[in-house]
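> These are the residues of each chain, in order.
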Amino acid sequence: MKTHAGEFNESARRYTADLPHRDLIQKALAGYYAKRDESKNRFQNWPGARDLAAEIKWNAINHLDRCLDEFVSKLEARGTKIFWAPGAQEARDYIIGVARKHKVRSIIKSKSMTAEEIHLNDALEKEGFEVVESDLGEYIVQLRREPPYHLVFPAMHLTRRQISDLFHDKLGSAPTNNPEDLTMIARRVMRRKYCEAEMGISGANFAIAETGMISITENEGNARLTTSLPKIHVAIVGIEKVLPKLSDLALFLPMLATAGAGQSITCYNTLYGGPRQPGEPDGPEEFHVVLLDNRRTELLADAEQRDALHCIRCGACLNVCPVFKNVGGHSYGTTYQGPIGSVITPHLRGLQDWKHLSQASSLCGACTETCPLKINLHHHLLHNRRNAVRALPGRLGKFLQSGFVFMMRRPKLYQLAARAGRIAQPLQRLFQGTILDPLRAWTKTRLFPPLAEKSFREMWRERKTP
Amino acid sequence: MTNREIILGRIREALKVSAPNPAIHASTAESFSLSASPQKWLPPVGKTLEQQIDLFRQNAEALKAEFRVCANMNEATEHVKRLAGTGDWKKIGRHRGELTDAVARKLGLAEVKTDGGYAVDDLESCDAALTECEALVAQTGSVLVSAPSAGGRALSVLPPHHIVLARPNQMEPDLTAALQRVREKFGDKFPSFLSFISGPSRTGDIERILVLGAHGPKKLTILVLP
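Protein chains in written order, with the numbering used here: chain G, 1 to 466; chain H, 1 to 226.
One or more hints might be untrue.
[Stated by the list, open to error] Take a look, some chain G residues computed to stay more than 10 Å from chain H by CB distance: (1) E7; (2) Y32; (3) R160; (4) R463.
[Stated by the list, open to error] Here are the simulated EDC-like pairs of lysine to aspartate or glutamate, each with C-alpha atoms no more than 16 Å apart in a straight line: (5) K219/H x E61/H; (6) K90/H x E61/H; (7) K245/G x D127/H; (8) K218/H x E111/H; (9) K16/H x E298/G; (10) K189/H x E76/G; (11) K218/H x E180/G; (12) K16/H x D65/G; (13) K81/H x D101/H; (14) K27/G x D101/H; (15) K103/G x E76/G; (16) K74/G x D188/H; (17) K90/H x D127/H; (18) K245/G x E184/H; (19) K16/H x E125/G; (20) K103/G x E285/G; (21) K101/G x E298/G; (22) K189/H x E210/G; (23) K81/H x D127/H; (24) K74/G x E210/G; (25) K231/G x D121/H; (26) K113/H x D127/H; (27) K219/H x E180/G; (28) K16/H x E10/G; (29) K218/H x E124/H; (30) K412/G x E458/G; (31) K444/G x E180/G; (32) K81/H x D115/H; (33) K245/G x E210/G; (34) K218/H x E285/G; (35) K113/H x E124/H.
Keep in mind the hints are simulated off the structure, nothing from the lab. Note that beta-carbon positions come from the ideal geometry of N, C-alpha and C, so glycine has one too.
Make a model of the complete structure from these sequences and hints.
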């Protein structure tokens, strides 16, 4: 069986050589950069906003028990059913149980990375429920039976032609090259689904402790319909989503929109505080909130990397990451792609299996610089590397390290090796990059820099004294 | 042990080791208290109503919404009539309210009122929705609606054209003020649904190209009545 690292390497190699794919991603992101900068510039002080956001979220995460207590008691007071899910299995079982109890057949879903994380759709489908993703991008990748490519833009790797072919194939629609026509095809399909579905499943962007509400951010209106029409609404919420106060949204909503999609504000920012209340004309009869741990508390226990739980899933770090832009979202093989995914996946799914993602970084720091919550992303990649080696020291690494130390302690030997290298390098060029090359791991995709003709020591000796 | 106790136990155990507070490393020299309004970092807003209406107009238009300040009720009604004519409306969805009643009376179209509940297909086949709101937000060009002020959850998102009727005194400078307004109004009895609507429904999921009317309204009209 291939390891996760092996799969990553193979996929990364394939995507990096796929020039049309790179072109598509670069073009999509160029538009994002321009809009993001415009939106940032409207702030009186974006760095100040980041500081404040980081401080607010630090307080939430470092008082997580109190925040969750308050959040839950406020929601329960208005008739919401809360389920605390220690792991993915418990969360899936609970949601399946709710669907069974109400004899649900059809389920409509709005976008939720937390639901992706626990592979909820697969579990529901296995139990015989029909689940339809209502977000356009998610619907497209669902029809292709593949995971989202990007936290925020699930179908950014596809061209309109591919989407037209997909709709033609799966829905029987006439081929078209017009994004608006394609959107309307999905709109018509989805309208029926909203009206028929007995259950709506959503995620949440924020959980407001003070007033007991979840906040959902979206552009399409699909989450609003998902949470309005079906008689049951289940929201799956990671425990780290809390914000202490309602007024915190005044900062976080514009920041999420700016960092996530370069918008000043997202089209719909909706707060849900319970099922339909007396006197209200519509809304679900039952509102369930599933609070998911699923090893988030393990990340919480790592004080050094705790701030990774501050993440609001805006996807900004993916958009600026040179590795993401070349290897593409699917190479990661994780729910959360890009730098944030490389940081948290080892905590959520095992350090040794996922440590390779922390190596797939140039440590350029673009992620840390762009993160609206100032999460120390590229340093956490280094922390993961260190922790992985500490937990399981590699033999080869140890051997090379001791060889290096041996040589550095013996200047004569070092000089001899350098001289030998200068003689050997022209020979090495003859079979550079082939199986005979001892430097193959490097030279199969790169040139090895030529060794200097003279060492510093030699130049120093030959210098002309004035 | 219940699941709740298990998870809260794990959290309390984890938090025994404290993490460095980012406030110490803040990049601005100013120290801020968490109770401070984020207003000094967010986009600026003028103090007077005129400035705020102007800013709202700019923002709403950038979001591809239509915004109009009407001199009187008659002007508003005439405008909605024109929209009804161009859109060839047969039936509208609405809720009971001072402003919606006044405008709907002059329209004389078939209606679906959501107040006491409604059939979903009936509302889905409406050509437009007429609602009121809680507040307008100058800073973002958003309309804040709630279940009681907008006829429930679906009325403002299901029909293809949403018309919002508002009063000038509902204009708030920013999101903080709008949230404070609903807090004061509802106290602890919040409605189950509150939403900031910023322009008509949209998507960029196909090659990041903007398309209006993804699942919700294709058009949003905001009318301010004296």
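> Determine for every hint whether it applies to the structure shown.
The hints, checked one at a time:
No beta-carbon of chain H is positioned within 10 Å of the beta-carbon of E7/G; the least distance is around 27 Å. Residue-level check failed: Y32/G sits 7 Å from the nearest beta carbon of chain H, not beyond 10 Å. The Cβ of R160/G does not lie farther than 10 Å from every Cβ of chain H; its closest approach is about 6 Å, which violates its non-interface assignment. The claim that R463/G is not at the interface with chain H holds, since no C-beta of that chain comes within 10 Å of its own (minimum 46 Å).
Pair hint K219/H plus E61/H holds up; C-alpha atoms about 12 Å apart against a cutoff of 16 Å. Taking the CA atoms of K90/H and E61/H, the gap is near 27 Å; set against the 16 Å cutoff, the hint is violated. A C-alpha spacing of about 38 Å is found between K245/G and D127/H, which places the hinted pair above 16 Å, so the restraint is violated. Taken as a hint, the K218/H and E111/H pair is broken in the structure, with Cα atoms around 20 Å apart against an allowance of 16 Å.
Our distance criterion of 16 Å between C-alpha atoms is met by K16/H and E298/G, whose separation comes to about 13 Å. At most 16 Å may separate the alpha-carbon atoms for a hinted pair to count; K189/H and E76/G meet this at roughly 13 Å. Between the alpha carbons of K218/H and E180/G the distance comes to roughly 11 Å, so the proposed pair stays at or under 16 Å and holds. Using a Cα cut-off of 16 Å, the hinted pair K16/H and D65/G holds, with the two alpha carbons roughly 12 Å apart.
Between K81/H and D101/H the alpha-carbon distance is near 14 Å, which keeps this suggested pair within the 16 Å criterion. Of the supplied pair hints, the one linking K27/G and D101/H is violated, its CA atoms being roughly 49 Å apart against a limit of 16 Å. As the CA atoms of K103/G and E76/G are separated by approximately 24 Å, the hinted pair breaks the 16 Å bound. With a C-alpha separation of about 10 Å, the suggested pairing of K74/G with D188/H holds against the 16 Å cut-off.
Distance hint between K90/H and D127/H is fulfilled; the C-alpha atoms sit about 7 Å from each other, no more than 16 Å. Between the alpha carbons of K245/G and E184/H the distance comes to roughly 15 Å, so the proposed pair stays at or under 16 Å and holds. Of the supplied pair hints, the one linking K16/H and E125/G is violated, its CA atoms being roughly 41 Å apart against a limit of 16 Å. Note on K103/G and E285/G: the hinted pairing holds, with a Cα-Cα distance of about 15 Å set against a maximum of 16 Å.
At most 16 Å may separate the alpha-carbon atoms for a hinted pair to count; K101/G and E298/G exceed this at roughly 33 Å. Restraint check for K189/H and E210/G: the C-alpha separation of about 13 Å stays at or below 16 Å, so the hint holds. The suggested pairing of K81/H with D127/H holds, with an alpha-carbon distance near 13 Å, which does not exceed 16 Å. Of the supplied pair hints, the one linking K74/G and E210/G holds, its CA atoms being roughly 8 Å apart against a limit of 16 Å.
A distance of roughly 15 Å separates the Cα atoms of K231/G and D121/H; the hinted pair therefore holds under the 16 Å criterion. Using a Cα cut-off of 16 Å, the hinted pair K113/H and D127/H holds, with the two alpha carbons roughly 13 Å apart. Distance check on the hinted pair: K219/H and E180/G sit about 15 Å apart at the alpha-carbon level, within 16 Å; holds. A hinted pair counts as satisfied when its Cα atoms are at most 16 Å apart, and K16/H with E10/G does not qualify at roughly 42 Å.
Distance hint between K218/H and E124/H is fulfilled; the C-alpha atoms sit about 14 Å from each other, no more than 16 Å. Distance hint between K412/G and E458/G is fulfilled; the C-alpha atoms sit about 13 Å from each other, no more than 16 Å. Our distance criterion of 16 Å between C-alpha atoms is broken by K444/G and E180/G, whose separation comes to about 45 Å. Taking the CA atoms of K81/H and D115/H, the gap is near 23 Å; set against the 16 Å cutoff, the hint is violated.
Only pairs whose Cα atoms come within 16 Å are accepted, and K245/G paired with E210/G is accepted, the gap being roughly 5 Å. A threshold of 16 Å between alpha carbons decides the hint, and for K218/H with E285/G the separation of about 29 Å lies outside it, so the pair is violated. Distance check on the hinted pair: K113/H and E124/H sit about 12 Å apart at the alpha-carbon level, within 16 Å; holds.
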